[in-house]
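Given the coordinates of chain A, assemble chain B onto it according to the supplied hints.
Residue numbers (this note's numbering), protein chains in the order written: chain A, 12 to 496; chain B, 12 to 496.
Please note that the accuracy of each hint is not assured.
Because identical chains cannot be distinguished in the list, a pair is counted as satisfied if it fits within a single copy or across any two copies.
To be verified - Straight line, CA to CA, 30 Å or less: simulated DSSO-like cross-link-like pairs of lysine-lysine:
{"id": "1", "residue 1": "K368", "residue 2": "K489"}
{"id": "2", "residue 1": "K209", "residue 2": "K279"}
{"id": "3", "residue 1": "K443", "residue 2": "K425"}
{"id": "4", "residue 1": "K144", "residue 2": "K132"}
{"id": "5", "residue 1": "K368", "residue 2": "K279"}
{"id": "6", "residue 1": "K489", "residue 2": "K425"}
{"id": "7", "residue 1": "K288", "residue 2": "K425"}
{"id": "8", "residue 1": "K255", "residue 2": "K105"}
{"id": "9", "residue 1": "K132", "residue 2": "K209"}
{"id": "10", "residue 1": "K144", "residue 2": "K368"}
{"id": "11", "residue 1": "K425", "residue 2": "K368"}
{"id": "12", "residue 1": "K443", "residue 2": "K489"}
{"id": "13", "residue 1": "K443", "residue 2": "K288"}
{"id": "14", "residue 1": "K288", "residue 2": "K144"}
{"id": "15", "residue 1": "K144", "residue 2": "K255"}
{"id": "16", "residue 1": "K132", "residue 2": "K288"}
{"id": "17", "residue 1": "K144", "residue 2": "K425"}
Don't read these hints as lab results, they were simulated from the structure.
Number of protein chains: 2
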Amino acid sequence: MMKEMILLPMNEISGIARERERTMEWKKVASPQGYYHRFPAVILAAGQGRRLCGSSRMLKPLTPLLGLTLLERSILTCQEAGITEYYVVVGYGKEKVISHIEELRSRYQISVRVVENPNWKEGNGTSVLAVSKYVSDPFLILMCDHLFEPDILQFFVQAAQGSDVCLLAVDRRFDQIVDLEDATKVRLHGQEITAIGKRINPFDAVDMGVLLGQPMLFSALEQARRDGDGSLSAGVRYLIDERKIQAVDVSDWFWIDVDTRESLIHAKRTLLANLSKPEEDGFISYYLNRHLSRRISEQLVDTPLTPNIITALSFLVVLCGAFLFSVGGYFWTLLAGLLVQLGSIVDGCDGEVARLKFQSSRFGAWFDTVLDRYADVAIVQGISYGYWLAHPVAFTWLGGILALTGFVLASYVKKEYTLRYHHRPPSGLLEKLSKRDLRLFGLFVGALLNRPFEAMILLGLVSHVWIGWILLTIYRQKRHKPLCN
Amino acid sequence: MMKEMILLPMNEISGIARERERTMEWKKVASPQGYYHRFPAVILAAGQGRRLCGSSRMLKPLTPLLGLTLLERSILTCQEAGITEYYVVVGYGKEKVISHIEELRSRYQISVRVVENPNWKEGNGTSVLAVSKYVSDPFLILMCDHLFEPDILQFFVQAAQGSDVCLLAVDRRFDQIVDLEDATKVRLHGQEITAIGKRINPFDAVDMGVLLGQPMLFSALEQARRDGDGSLSAGVRYLIDERKIQAVDVSDWFWIDVDTRESLIHAKRTLLANLSKPEEDGFISYYLNRHLSRRISEQLVDTPLTPNIITALSFLVVLCGAFLFSVGGYFWTLLAGLLVQLGSIVDGCDGEVARLKFQSSRFGAWFDTVLDRYADVAIVQGISYGYWLAHPVAFTWLGGILALTGFVLASYVKKEYTLRYHHRPPSGLLEKLSKRDLRLFGLFVGALLNRPFEAMILLGLVSHVWIGWILLTIYRQKRHKPLCN
Chain A
12 MMKEMILLPM NEISGIARER ERTMEWKKVA SPQGYYHRFP AVILAAGQGR RLCGSSRMLK
72 PLTPLLGLTL LERSILTCQE AGITEYYVVV GYGKEKVISH IEELRSRYQI SVRVVENPNW
132 KEGNGTSVLA VSKYVSDPFL ILMCDHLFEP DILQFFVQAA QGSDVCLLAV DRRFDQIVDL
192 EDATKVRLHG QEITAIGKRI NPFDAVDMGV LLGQPMLFSA LEQARRDGDG SLSAGVRYLI
252 DERKIQAVDV SDWFWIDVDT RESLIHAKRT LLANLSKPEE DGFISYYLNR HLSRRISEQL
312 VDTPLTPNII TALSFLVVLC GAFLFSVGGY FWTLLAGLLV QLGSIVDGCD GEVARLKFQS
372 SRFGAWFDTV LDRYADVAIV QGISYGYWLA HPVAFTWLGG ILALTGFVLA SYVKKEYTLR
432 YHHRPPSGLL EKLSKRDLRL FGLFVGALLN RPFEAMILLG LVSHVWIGWI LLTIYRQKRH
492 KPLCN
Chain B
12 MMKEMILLPM NEISGIARER ERTMEWKKVA SPQGYYHRFP AVILAAGQGR RLCGSSRMLK
72 PLTPLLGLTL LERSILTCQE AGITEYYVVV GYGKEKVISH IEELRSRYQI SVRVVENPNW
132 KEGNGTSVLA VSKYVSDPFL ILMCDHLFEP DILQFFVQAA QGSDVCLLAV DRRFDQIVDL
192 EDATKVRLHG QEITAIGKRI NPFDAVDMGV LLGQPMLFSA LEQARRDGDG SLSAGVRYLI
252 DERKIQAVDV SDWFWIDVDT RESLIHAKRT LLANLSKPEE DGFISYYLNR HLSRRISEQL
312 VDTPLTPNII TALSFLVVLC GAFLFSVGGY FWTLLAGLLV QLGSIVDGCD GEVARLKFQS
372 SRFGAWFDTV LDRYADVAIV QGISYGYWLA HPVAFTWLGG ILALTGFVLA SYVKKEYTLR
432 YHHRPPSGLL EKLSKRDLRL FGLFVGALLN RPFEAMILLG LVSHVWIGWI LLTIYRQKRH
492 KPLCN
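Extracted from the complex, chain A is given alone in its bound form (with noise of 0.2 Å):
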């Protein structure tokens, strides 16, 4: 059997992952991480759903969320954690199913087989069984309505390594499940579950979704349903019998159960809550901006914008708002500014956009940074040549320049020492100050006030202040390393 394993280095597993990631995080490029087995997807598509659709002629695997169905967003999930093997089990409702899929197919290019379970009513069990004649080695057990972080399934396939065991994802925190009555309980003894259920009492734990199944599952299963009971958990039950099921804590992570309609609005209410970054937004990002740009990107998720496109969306509002400046006059200044803090606000939404419908790429971040700068380029252009019309002194251009290069150099002196130190510069009020978010707020102040060229002039000084402070520190730092000069 190990000769069948799909073996391939971490690196080129995670490789999508990184692709998609949006900042670059330095630990886990270096941290060694060895070799994979990689194991395909079941996702268990085949279920009514009637809790959450009642009696619409929605199904549940093609409801969207936020710009994805579920099931597609299960795919991109278990696709962002590495897993390039699919099989979607259907059953009710499978025609609509089955053309969705084939869109994902073509739109992803990925390896999908349908598998079709006519013995769904009988309960999800019978859907994994449905699969037991095209998998022989461990696989991944999954339910299209269950959301839950990429993390977890890294860390989940991680844990399952070598494992001969089943093994099942549990989360100790129970007291933040939604719907704590319907969710499948179990009862831990360390590692080992002795018992499951939805009515068992007590429990340690819920069931979170995301099994490792062996082949010793189907034989569990098909003597669970020959007793009557077709459910999943009642194979598992078979399984703690004989001790071939342990737990796998993943209580660190966010997941929900997408099972009512409230659950849907609080998926959705967490998943936009999540975008989010509060060690990287800069003041006005964090109290501002993000609660904007998050209403604008959840109506974006449902238009077929690309992020790069959103990216370049922005970057054209900054440039209009920087045409007016140079136009003068205190009505198209006020409206440069709000152009201006317009463009700032959207500029968030690209990378929320991509987030939420997995579209990060090292590119779409690369270049909406290098935008970023033409478009401070740009401003800073437009706000001199409007000052320079009243004021036409080389003084103006000089202390546009000293502006400008403030702001680039800004960020230059951070991506340099980020380059060179392998981790962020410290973060800290200057640095905050130095951030384009506050830069095109104070921008657009300024534009308020009437007084563009003089919050420009006091934001570039901000920053060069800061890069002095920068160059300061590490200086100061170093001297008490007299080995490295």
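Same frame as chain A, but now just chain B:
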């Protein structure tokens, strides 16, 4: 014995080496290096070195070479390879050597133990015997008159992990040895050494002067000494009989035995020649600046100027040039052009001196890059101001800003690319044309033709075209991978 081993992560060991690396190499950081055993280094500095110093009062370990003594170079090479514990064996002229070691100890804050060998006249084997009461674990033996790249030592230490026999670094390129007649040759059978000596024939390689010693070496040396030969080679010959000595091939790197005045001059020339970076240097840097900066660096290494001070000096020279550009008039413009080109040449010296004197640091590299950008800003301001005196229109400044952003963003885009993709952007003609060495040379030529502003605009445009080209290139590459939006 295992208990006494000092195990520490490779990260930590190579910390100093990396601290000293002038440019980031991604692969080195990303590859998992595991754990290393840290050997102490025994440096033999007891001999008279008559062939090098003759009847002069010079001592071989104290012979200066490009700003450092031979002994200092040996120790710093070890340090760069991650070694932290040193035994220096002294004999001939020991008072002076010991007082020099005291100096080194306080200058570099290193742990050095001086071991006296009163029997140094009997051969270098007695110098190894002199440390027998201090070391019991495996240890490295080095000659203070052998210069080599730290990479040799890192490779050797890697090969020596867990070895229970003695190891000798050998070089198969004996046709390139300066003084082959005097070199110690070895005959090989696979990794096994089967004969060693200056006059053996045939031979397969030459002794490079780095050994891994084991406690058994001491008894071999004792025996050889009792038999009348106190040389290290004689001791090794006894190990051959016991099959306790193997060879490690280090034919990939530069090393030299500094035994005569000729080899000292050869070493100096090679160290200077190795300062070129054919892969990184631009056209002007490679064909013009390096030839001049090497000559300047050759002088600078004998001054107390640190690389960071040289960086600052080069910055000041360019600042003077930038100021003179703003004065206007052909004479000042020409002088400004000359100063800018001089600054460009001196800008290479900081890195060269740092590498020659083992003073490279991340801070230094970062400081250099940041000052380069500020120098570019000053030049653009100077040239634009000078042009504005004759052409007081806004387009002068808009052109200046265009050029400036080309200069700064060309570098910015490269950094950002390296951060996202973990390697440098693809090189090519446009990339070379947008490098700083060519930019400053172009401004010098512009000054020569009394057209610095026009030259600046042209160079700025080239940079913007490069940025556009690289964005387009990467965008096209990515379109061929539909998974990675």
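Cross-check of the supplied hints:
no. : hint        : verdict
1   : K368 / K489 : between (43 Å within a copy, 18 Å between copies)
2   : K209 / K279 : within (26 Å within a copy, 80 Å between copies)
3   : K443 / K425 : both (12 Å within a copy, 24 Å between copies)
4   : K144 / K132 : within (20 Å within a copy, 82 Å between copies)
5   : K368 / K279 : within (13 Å within a copy, 59 Å between copies)
6   : K489 / K425 : both (18 Å within a copy, 26 Å between copies)
7   : K288 / K425 : both (18 Å within a copy, 26 Å between copies)
8   : K255 / K105 : neither (33 Å within a copy, 73 Å between copies)
9   : K132 / K209 : within (19 Å within a copy, 88 Å between copies)
10  : K144 / K368 : neither (33 Å within a copy, 68 Å between copies)
11  : K425 / K368 : both (29 Å within a copy, 28 Å between copies)
12  : K443 / K489 : within (24 Å within a copy, 33 Å between copies)
13  : K443 / K288 : within (14 Å within a copy, 38 Å between copies)
14  : K288 / K144 : neither (45 Å within a copy, 60 Å between copies)
15  : K144 / K255 : within (21 Å within a copy, 59 Å between copies)
16  : K132 / K288 : neither (43 Å within a copy, 70 Å between copies)
17  : K144 / K425 : neither (55 Å within a copy, 52 Å between copies)
Violated hints, listed in ascending order, are 8, 10, 14, 16 and 17; each of the other numbered hints is respected by the structure.
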